Structures are given as structure tokens and as C-alpha cells.
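Mind docking chains U and W on chain D? Use the hints.
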Amino acid sequence: FLEDVKAQAKGELQASESRYQAQRRVTLALQTELLQLYSRLETEESSATASA
Amino acid sequence: FLEDVKAQAKGELQASESRYQAQRRVTLALQTELLQLYSRLETEESSATASA
Amino acid sequence: MADDPQRNFRSAYYEKVGFRGVEEKKSLEILLKDNPLDVEKLSTFSQRFPLPSMYRIHVWKVLLGILPPHSDSHALVSRYRVEQFEDVSGALTAMRFVHASTPPTELYLRVYQLESRQLPRRSELRPPDAEDENFLAIARAMEEIVDDPVDCYWLIRCFVNQFKHKFGDSIPHLPKSLEHFLSQEDAALLAHLKTSGALNSLPYCLWFRRCFAGCLPESSLQRVWDKVISGSCKILVFVAVEILLSYKIMLMGMSDPDGVYNFLSNMPQENTDAIVSKAIDLWHKYCGTPMHSV
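Residue numbers (the numbering used here), protein chains in the order written: chain D, 1 to 52; chain U, 53 to 104; chain W, 105 to 398.
Looking at chain D on its own, in the form it has when it is part of the complex (with noise of 0.2 Å):
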């Protein structure tokens, strides 16, 4: 019976772990995705700046 619970809860655990992991996931794209935009941001205002 001590097991049984123990296995329960090992699942949800494994559950929750997996939403969890899938978030730092996200997180490292959208990192990765902002990263881009700002150096391709940069590049713009600084040509905006050098046409000016």
C-alpha cells in the first residue's frame, strides 16, 4: 500500500516536472528569439544613424 501511494505520487510528480521543463524550454526560445531581434534592431538604427 506504502508503494502504491509512493507511485502515485511519483506520477504527478512527473507530470508537474514535465509542465515545469517544458517552461524552461520556452524560456531558452524566447531568449534566443529576443537576442535576434535586438542585435537585428541595432543594426537598423545604426545604418538609420550612418544615412542620417
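In case anyone wonders, no lab produced these hints; they're calculated from the structure.
A quick note: this is a predicted structure, and the numbers were derived from the prediction, not measured.
Some but not every residue of chain D turned toward chain W, in silico, with C-beta under 10 Å:
#, residue
1, LYS10
2, GLY11
3, TYR20
4, ARG25
5, GLU33
Note that beta-carbon positions come from the ideal geometry of N, C-alpha and C, so glycine has one too.
Only chains U and W this time, still in chain D's reference frame:
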């Protein structure tokens, strides 16, 4: 003893939950930032087109 | 008794109209009342019998680990699964990978890629490669079987992952296995396929990587997937054997490997239920019927 195991499982699940919530706040903040960046980029691009 | 044609006719008939299924359905219902669920017994059931359609999605979710064995955790875990899918698809929308009119199958692919750290940068988006195409084919078929988008995503993801992990090493050997069983069932057909050069260019990717997604209509396909999800990739070989046997006359008249490939890749959608039934019988004949429990 059983109560002990249950309490421990509950504690672990709660910890996982709060880690998830924290990460979730991070991704929401990053998404807001992303949105702002997109609109800044669009403004710059449209003004660059207009001035060209 | 199994050789009694009268009986065979009857049981085939009952299976078709759904009477024989009543007993099976009852025994599945008993299994589904267990708490925790006995995943082993559910696998055995699913290997032996077709899953009643009203329980199919639920059993698949348990077999694939989308739902844990403990039924009283199902509500909580289902909520986690929904949130996880919504979190990731929301982020993909924010990153403009997907938008309101993106086909669901493409959304599923992107969610899957993000979760497995394979999402390309948005500036480096490329057309789907072979593996993406396999995923999309399975996704399109799953979409026909499953109504709920969250369930659909999870079933595709876990189906694809389980298939890769469990059978990844066996897949390259399936064409040889096909050759072996075809030699047992119809040596003349095998000889013809060999001499015409068609044997090496059968649609193996469609059969053994996409598990017949896009080849068989969903009503037949799901009966094959019952077996794959409950632990057999050998069934794929027997479906392929039965397809070849069913179109023997046509195939014997074809000598161009490309013609054979094209015909089999766009196979007629008639009689596929019979093909699958025969394939399951053949699979039981060569590999035995799992006997324990149920």
C-alpha cells in the same frame, strides 16, 4: 508513517508547482518584451521605408 | 476448432457487426475499473483484441504514459497536460512561429520541436525534412482519430517518441523480416518482386516510419496502431505482407519498380479493414497470441 510519506509527496509536488509558477512569470515577462520589440522594429522599419 | 470454417465465418461476422465485442468490452471495462490500472494487462488486452472505439483514446493515453496508472490522479495530470500544451503554443504564437490560421498539425510539430529543443530559429526556417514529414503524416492521421487538440498533440508526441525509443533499433530490420514472411506466404510473389527490382524500393518509409499513416484510412489504421502502441512493431510487417498478397495479381503484372512504388504509395482505400484483419491473424499465427492474464 504513511502520513509522513503523503506529506513528503505533497511537499515535493508543491515545490515543483512553485518552480513552475516562477518560470511561468519569467516567460510571460519575456513575451511582453518580445511584443514591444516587435512593435519597435516595425516602427523603425516603416519609418526607414518612409524616409527612403 | 480454429479450423472450423463455419466458426471462423461466424466469428468474423460477429466481429464485423460487433456482437463478439460485447464480452471483450466487458472484460476491458473490468480492467479499467482497477485502481491503479494494470498497464501490463491493458497492453495484453490491446495486443489480443481490437479496442472498443469508445475506450480507445483513454487506453492509448494510459499505455503511452500520458495518464498515470492511478485513476484518481487523472484530473490533476490532465490539467498539467493542458497547461503544458497551452504554455508552449502560446509562446510560439508570441514568437510568431504560428498564428491563428496555422494548420494544427504544423502547430503540433512546432510544439514538439520546441519541447525537444529542435525548434529552428525563425530566421532559419526551412521546409520540413524527412523526419518532420513523418511526424506530420502521423499527426494528420491522429487528427482524424482524435477530436481534442490537446489530446491529439500528446498522443502524437508520445506515439512518435515511444516508437523511436522502443523500436528505433528494429525498424531497419523490418524490410528483411518482410522478405522472410513473404517467402513463407507466397514465394512466387517474392521472387517476382526480387527479379523486377521492386523489392528494394517498396514504400518502406510509409510503412515502417509512418506506421501506415496516409496509407490506410483511419478506421483501419487505428486497429494497427492499437498493436503498435501496446508494444509490437512486428505487426507493421504483417500488414505490409497482407497488402502485397491482396494486390498480388496486379503486382505480378508490373515490372517497373517505380510503378510498384507509386501504386502501393497510393493504394486503393477499399478492403483495408479486411487487409488489417488478415494481417492481425497472420501476426498471431507467426508470433503467437499473448496469453497471460485478461
